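Peer 1: With the sequences and hints as input, model every part of the structure.
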Amino acid sequence: GQSLEQPSEVTAVEGAIVQINCTYQTSGFYGLSWYQQHDGGAPTFLSYNALDGLEETGRFSSFLSRSDSYGYLLLQELQMKDSASYFCAPMGGFKTIFGAGTRLFVKA
Amino acid sequence: SQTIHQWPATLVQPVGSPLSLECTVEGTSNPNLYWYRQAAGRGLQLLFYSVGIGQISSEVPQNLSASRPQDRQFILSSKKLLLSDSGFYLCAWSGGTYGEQYFGPGTRLTVT
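Top to bottom, those sequences are chains F and L.
Residue numbers for the first sequence follow our numbering, beginning at 31 and rising by one.
Residue numbers for the second sequence follow our numbering, beginning at 3 and rising by one.
In short, the hints are calculated from the structure, not lab data.
Among these hints, one or two may not hold up.
Distance ranges between label pairs, derived from CB positions [claimed, not checked]:
#1 T99/L - D98/F: 24 to 30 Å
#2 I47/F - S60/L: 39 to 45 Å
#3 V62/L - E35/F: 18 to 24 Å
#4 D73/L - E86/F: 31 to 37 Å
Partner residues aside, some chain L positions facing chain F, computed with beta carbon under 7 Å [claimed, not checked]:
#5 W9
#6 N34
#7 G45
#8 L46
#9 L49
#10 Y51
#11 R74
#12 Y100
#13 E102
#14 Q103
#15 P107
#16 G108
It should be emphasised that the depicted structure is a prediction, and the values quoted were computed from it without experimental measurement.
Ideal Cβ placement from N, Cα and C applies to all residues, glycine included.
Peer 2: In structure tokens:
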């Protein structure tokens, strides 16, 4: 079957570092993507990992361990505008699985 | 560059009325197209996806249907809306470097 787990909410202060973990189980897996969605808006693509290891894109980094079916999104130097929902999204075949996401609250 | 359009942005419809939501993509050819629904505070539920004209795969049996009459046009329809059809409807296309998806601005549907 398919399953996806990530924390429902995370709170952090401005300037801090936060890690959002994700564990998944899906068939035909070929990569893990991450999306950001602000309230009232559409999701936007952040990053993608096909191979094990860390991918860095500015303040955001994403990690994948295929053997552990585990990944995380690391957000550094948090800013108020980073308050949003973050979706871990395993990709397989033509489909991407979106879970309930993690709501990140950044406090001043 | 690629652009995805969805309309309308908001819609209020009575129970039992029909629905038609349209999505068009510009700047790419033969994209994979997707319809999602998102309930308030929840994740994205995949409703339909299409890998080509006239090819529709349904993920959730319900009173919605989808069609792809042209390469870059994807339509979501219903003959009779239910209260449970309320939600945020998102169209997306994929075909980027990693197969990542790009979303339209969405339609917020309220069925009353």
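Peer 1: With reference to the structure, classify each hint as holding or not holding.
Peer 2: Checked hints:
{"no.": "1", "hint": "T99/L - D98/F: 24 to 30 Å", "verdict": "25 Å, holds"}
{"no.": "2", "hint": "I47/F - S60/L: 39 to 45 Å", "verdict": "42 Å, holds"}
{"no.": "3", "hint": "V62/L - E35/F: 18 to 24 Å", "verdict": "21 Å, holds"}
{"no.": "4", "hint": "D73/L - E86/F: 31 to 37 Å", "verdict": "36 Å, holds"}
{"no.": "5", "hint": "W9", "verdict": "14 Å, violated"}
{"no.": "6", "hint": "N34", "verdict": "6 Å, holds"}
{"no.": "7", "hint": "G45", "verdict": "4 Å, holds"}
{"no.": "8", "hint": "L46", "verdict": "4 Å, holds"}
{"no.": "9", "hint": "L49", "verdict": "12 Å, violated"}
{"no.": "10", "hint": "Y51", "verdict": "6 Å, holds"}
{"no.": "11", "hint": "R74", "verdict": "17 Å, violated"}
{"no.": "12", "hint": "Y100", "verdict": "4 Å, holds"}
{"no.": "13", "hint": "E102", "verdict": "4 Å, holds"}
{"no.": "14", "hint": "Q103", "verdict": "6 Å, holds"}
{"no.": "15", "hint": "P107", "verdict": "6 Å, holds"}
{"no.": "16", "hint": "G108", "verdict": "5 Å, holds"}
Of the numbered hints given earlier, the model fails hints 5, 9, 11; all others are met.
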